[in-house]
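The working numbering puts the sequence shown at residues 12 to 298.
Hints in this document: simulated from the structure, not taken from any laboratory. It should be emphasised that the depicted structure is a prediction, and the values quoted were computed from it without experimental measurement. Incorrect hints may appear among the rest.
[Claimed, not checked] Taking CB as the label site, the calculated pair distances span: (1) Asp85 <-> Thr249: 36 to 44 angstroms; (2) Ala196 <-> Thr87: 18 to 26 angstroms; (3) Leu270 <-> Ala181: 15 to 23 angstroms; (4) Phe291 <-> Ala152: 20 to 28 angstroms; (5) Thr249 <-> Ser128: 22 to 30 angstroms.
Even for Gly, the Cβ is constructed at its ideal location relative to N, Cα and C.
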Amino acid sequence: MTKPLSGLPFTKMTGSGNDFVFFDGREVPLDVVTQPEAIRRICNRFNGIGSDGLVVLEPASGGADVVIHFYNQDGTAADLCGNATLCSTALSAQLGMASADGMRLTTGAGLITSRLSGPAGQGILPEIDFQPVTDIRPESAIEPEAGEQRIGFVIAGIPHLVILCDDAEAVDVAGRGPLLRWHTAAGPTGANVNWVSRLADGRWRYRTFERGVEGETLACGTGAVATATLLASWGQVTSDTVPIVTSSGRVLEVRLRPLGSDTGSAGVKPTLRGEGRVVFRGVTGDL
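Build out the structure end to end from the sequences listed, making use of the hints.
This is the structure:
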């Protein structure tokens, strides 16, 4: 008999349709909600709260403000999740765990700085600075299919395949996604798979098959960064700011800055800006 996960305060958040259940680690012990079976119960969309993933925020030490623990819907841990980090930035400020003007977040992919910011009249949104992205492979060993032009690989906190295609809307993500997610070119743990095509207005439309969810999600923050990085590598974009349209219709804005010559390596320093919104708060019943 499974143990009920009752009486636990939580916050449900969304980042461009990529949704998460958040727990404040000061109120809910980490080990109570991060067992794989507990995560699957909480994230279940029929008998649980329902989400793409689960996040626990804890106070940090050693110069950081907050430690972010990310978990996928299937119960596996993740080093980084872009949209969850955007949400974490907003929630950490709301909970008084960090300053909205600037915070340092510890993740499995390293230290990330973030803030709440926005031009006058355009709304305040969370913005996060990624660790430098240096593992960029413009060509992979995967043969493109009809309607696919190029396939590349990049590690943007976690591994991603990015496919430049004629029309992202026409892609059979459910059919092709699982095949590429476990392809040998995706690395030993597999990768998220992103399809991207140019829209008539010059923006970019992408769709993502996410590992850990094992299906398509409405948005993927690290996928947007990976996609923008490879679009730049392929010479498809000339501006340092790349607008990526998600399946929810919301836009993730990726800004790419080349690493300086003093770093001794090629690559980019990405910044991701997008939604991090509280949908509702509650207390668990008998999940």
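Do the hints match the structure? See the list:
Here the CB-CB span from aspartate 85 to threonine 249 is close to 39 angstroms, well matched to the stated 36 to 44 angstroms. Between alanine 196 and threonine 87, the C-beta spacing of about 21 angstroms keeps the proposed range 18 to 26 angstroms intact. For the hinted restraint 15 to 23 angstroms between leucine 270 and alanine 181, the CB-CB distance of approximately 36 angstroms leaves it violated. Look at phenylalanine 291 against alanine 152: about 45 angstroms separates their beta carbons, and that is not inside 20 to 28 angstroms.
For threonine 249 and serine 128, the hinted distance range of 22 to 30 angstroms is satisfied, since their beta carbons lie about 24 angstroms from each other.
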